[in-house]
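2 protein chains.
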Amino acid sequence: MSFKFTIKKTTEETDNKARLGILETKHSLIETPVFMPVGTQATVKGMLPKEISDLGFSIILCNAYHLFLRPGHQLISKAGGLHSFMGWNKSILTDSGGFQVFSLGKINKVTDEGVTFQSYIDGSSHFVGPEKSMEIQMALGSDIAMAFDQCASYPSSKCETQFAAERTLQWAKQCQSYHSSGNQTLFGIIQGGVFPEIRMENAQKMVELKFAGYAIGGLSVGEPKPLMYQLLDVTVPILPTEKPRYLMGVGEPRSILEGVTRGVDMFDCVLPTRNGRNGCLFTHNGKISITNAKYKNDFSPIDSKCQCYACKNFSRAYLRHLYMANEMLAPILGTIHNLYFMNNLMQEIRRAISENQFNTFKKKFFANFS
Amino acid sequence: MSFKFTIKKTTEETDNKARLGILETKHSLIETPVFMPVGTQATVKGMLPKEISDLGFSIILCNAYHLFLRPGHQLISKAGGLHSFMGWNKSILTDSGGFQVFSLGKINKVTDEGVTFQSYIDGSSHFVGPEKSMEIQMALGSDIAMAFDQCASYPSSKCETQFAAERTLQWAKQCQSYHSSGNQTLFGIIQGGVFPEIRMENAQKMVELKFAGYAIGGLSVGEPKPLMYQLLDVTVPILPTEKPRYLMGVGEPRSILEGVTRGVDMFDCVLPTRNGRNGCLFTHNGKISITNAKYKNDFSPIDSKCQCYACKNFSRAYLRHLYMANEMLAPILGTIHNLYFMNNLMQEIRRAISENQFNTFKKKFFANFS
Chain A
1 MSFKFTIKKT
11 TEETDNKARL
21 GILETKHSLI
31 ETPVFMPVGT
41 QATVKGMLPK
51 EISDLGFSII
61 LCNAYHLFLR
71 PGHQLISKAG
81 GLHSFMGWNK
91 SILTDSGGFQ
101 VFSLGKINKV
111 TDEGVTFQSY
121 IDGSSHFVGP
131 EKSMEIQMAL
141 GSDIAMAFDQ
151 CASYPSSKCE
161 TQFAAERTLQ
171 WAKQCQSYHS
181 SGNQTLFGII
191 QGGVFPEIRM
201 ENAQKMVELK
211 FAGYAIGGLS
221 VGEPKPLMYQ
231 LLDVTVPILP
241 TEKPRYLMGV
251 GEPRSILEGV
261 TRGVDMFDCV
271 LPTRNGRNGC
281 LFTHNGKISI
291 TNAKYKNDFS
301 PIDSKCQCYA
311 CKNFSRAYLR
321 HLYMANEMLA
331 PILGTIHNLY
341 FMNNLMQEIR
351 RAISENQFNT
361 FKKKFFANFS
Chain B
1001 MSFKFTIKKT
1011 TEETDNKARL
1021 GILETKHSLI
1031 ETPVFMPVGT
1041 QATVKGMLPK
1051 EISDLGFSII
1061 LCNAYHLFLR
1071 PGHQLISKAG
1081 GLHSFMGWNK
1091 SILTDSGGFQ
1101 VFSLGKINKV
1111 TDEGVTFQSY
1121 IDGSSHFVGP
1131 EKSMEIQMAL
1141 GSDIAMAFDQ
1151 CASYPSSKCE
1161 TQFAAERTLQ
1171 WAKQCQSYHS
1181 SGNQTLFGII
1191 QGGVFPEIRM
1201 ENAQKMVELK
1211 FAGYAIGGLS
1221 VGEPKPLMYQ
1231 LLDVTVPILP
1241 TEKPRYLMGV
1251 GEPRSILEGV
1261 TRGVDMFDCV
1271 LPTRNGRNGC
1281 LFTHNGKISI
1291 TNAKYKNDFS
1301 PIDSKCQCYA
1311 CKNFSRAYLR
1321 HLYMANEMLA
1331 PILGTIHNLY
1341 FMNNLMQEIR
1351 RAISENQFNT
1361 FKKKFFANFS
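Keeping their order, the protein sequence lines are chains A and B. The opening position of the first sequence corresponds to residue 1 in the working numbering, with each subsequent residue numbered one higher. The opening position of the second sequence corresponds to residue 1001 in the working numbering, with each subsequent residue numbered one higher.
Warning: the hint list may mix true and false statements.
If you want the ones that stay clear, here's a sample from chain A, every Cβ over 12 Å from chain B, calculated [to be verified]: (1) F3; (2) N16; (3) K205; (4) Q230; (5) S289; (6) T335; (7) N343; (8) F366.
Derived EDC-like pairs: lysine to aspartate or glutamate, alpha-carbon spacing no greater than 16 Å straight-line [as the list claims (entries may be wrong)]: (9) B:K1008 / B:E1024; (10) A:K45 / B:E1327; (11) B:K1287 / B:E1252; (12) B:K1050 / A:E51.
Don't read these hints as lab results, they were simulated from the structure. For glycine and all other residues, C-beta sits at the position ideal for the given N, C-alpha and C.
Please model the entire structure based on the sequences and the hints provided.
Here it is as structure tokens:
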């Protein structure tokens, strides 16, 4: 098994549970807490793989669901796997397709075996269940695969949520029996919606299955932020200390800090890249909308403290011009900037933890990032 | 005047007039024959400035017309000029806006003083004539400015063509009187449509004005290729040997070879970049349309002889996937590839001229590039 997770340090501060670790896969070493950029369709939108690497990232996330539908996992397998296909030689985590199957496109039928749904591309009918999800992810050859799960939408009744959590547990067991790949490790996903008791029970049972890592799924789907943090408060302590903990779909800087506070190691989200494409740019003082007229004659960089390629070479006025003119360079530079911001944020978080200064760092960040 | 053109060699072959030169501006040395990528709105679409530079280009073209309308030449001037605004520290040639004024948007009025037209962006009314064109280009601070010209559309009657050519000559004189910029040089543009006698007369009169360089305008606007070559045959010999010759709007590889054959030094065109965005990719065997179904399982590079970043890292199958999925990386990689092809073509042309092997090179290229 080409996978190892080592805790390097747990904070000595009393009011947080932050920790430093190293994830090791066949393709790279990854310092945690880590943010993983999303490359849904085997590309982080607008970025050359070498740019992602130059920005400091050594793991990205790709979507099994999208790649299954287009270009097909078998084609990618023939290309030598996803790393080879997309020219990315560091680590890849693939999600299982569970979230997308339930949130995108029309669902025709859900049974204990899996889901029959229509492709959002051409309406064609497809079936994915735990076995198929493992087949897809093994063909893709990602470093970390995720178990196939059923994510209850928000809001859902307690009954629906309980049902989805139990099915997720059954599917998790099946995924383990179908999964076999020496260079790929499998993480379980904990569900349970916004109900602490369902989450806690689901987490306990998932832990009994002895996955290499545990994801917390079904959060950041519309529920209030304080509720998400409360659910983390009751879920994370159940997870084994020595295994990596991954909070799925969370990329908002403040939420990442709250996750790290509670002992989470891994995060992913389309937010920084999607915001970058839309002209919503992160700065140390919060987000700015670069298309705002007030930046028309602003010849300062996006963020004067930032050392990214966009900030070192271009002004807000130029960026605004590119967005107004609908030029491709606009989303490219916006993405470079926001991803640099995220990687820098994670570096600062890790430095703060190593110096037992995480609480101070967090307070300062919240005070500035309005 | 920060501008110098030096002929390094004229071919010793008898059946072509190819030559090697060096253009020198305040910002860079440029080996000729040269192809200039087009950065219409102060960006070569989808490319970081450092990528353009890494591809080997040391001069690009930007459009005075577009930049006048958005974001405005005064704003760019306040940013320290176009080089500073767009983060490009090598040379820039700006066209005069003449071609765009007559080909884009609605024209309200044309007089001897200039053109009143409506913005294609918001319908607002604007006036540009020789004086305004010089004001715009001096504010942009390009290395090479172009005289404001009237390009007759194709087809035009002899009478219309004669009229436009004479007006272009008058405007050229006015541009000279309005132009004053120590670091910017001014080129004249020769018009005359498809009528050899009008072109020859216009060229002779333009040469009397002693511009630093001469552009041949109003070609590659729809006329048959052989006719364009015939017009070059009669026009280029009139131009002074020691001045650079620039064939505007020509970037099709075979047409560039025909231009070089006739002694042309400079070329520009949106073709390689536009084709790249559309998935029409140049190879040594001609163009391929990468979205064609036959490339679905083709794991070879775009062009096995090519050393560009796209060819060294990705397969046709991956490129096709990106285009089909409408991913931004598709036009980015297509542009990188086609621009690499163009720069490589110009390098090969220059090497062939230096070895008195241009005819052989041209024959071989035409035989392969079908």
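Hints, one by one, checked against the model:
1. Residue placement check: F3 (chain A) keeps its beta carbon more than 12 Å from all beta carbons of chain B (closest about 26 Å).
2. With a least beta-carbon separation of about 38 Å from chain B, N16 (chain A) lies farther than 12 Å from that chain, consistent with its non-interface assignment.
3. Every beta carbon of chain B lies more than 12 Å from that of K205 (chain A), the smallest distance being close to 38 Å; the non-interface claim holds.
4. Residue-level check passed: Q230 (chain A) sits 38 Å from the nearest beta carbon of chain B, beyond 12 Å.
5. No Cβ of chain B comes within 12 Å of the Cβ of S289 (chain A); the nearest lies about 17 Å off, and the non-interface call holds.
6. Remark: the non-interface label on T335 (chain A) conflicts with the geometry, its nearest Cβ contact in chain B lying 9 Å away (cut-off 12 Å).
7. In this structure N343 (chain A) is separated from chain B by more than 12 Å, as the shortest Cβ-Cβ distance comes to about 18 Å.
8. Distance to chain B confirms F366 (chain A) as a non-interface residue, since its nearest Cβ pair spans about 33 Å, more than 12 Å.
9. Of the supplied pair hints, the one linking K1008 (chain B) and E1024 (chain B) holds, its CA atoms being roughly 13 Å apart against a limit of 16 Å.
10. With a CA separation close to 7 Å, the supplied pair K45 (chain A) and E1327 (chain B) stays within the 16 Å bound.
11. Between K1287 (chain B) and E1252 (chain B) the alpha-carbon distance is near 11 Å, which keeps this suggested pair within the 16 Å criterion.
12. Taking the CA atoms of K1050 (chain B) and E51 (chain A), the gap is about 12 Å. The hint holds against a cut of 16 Å.
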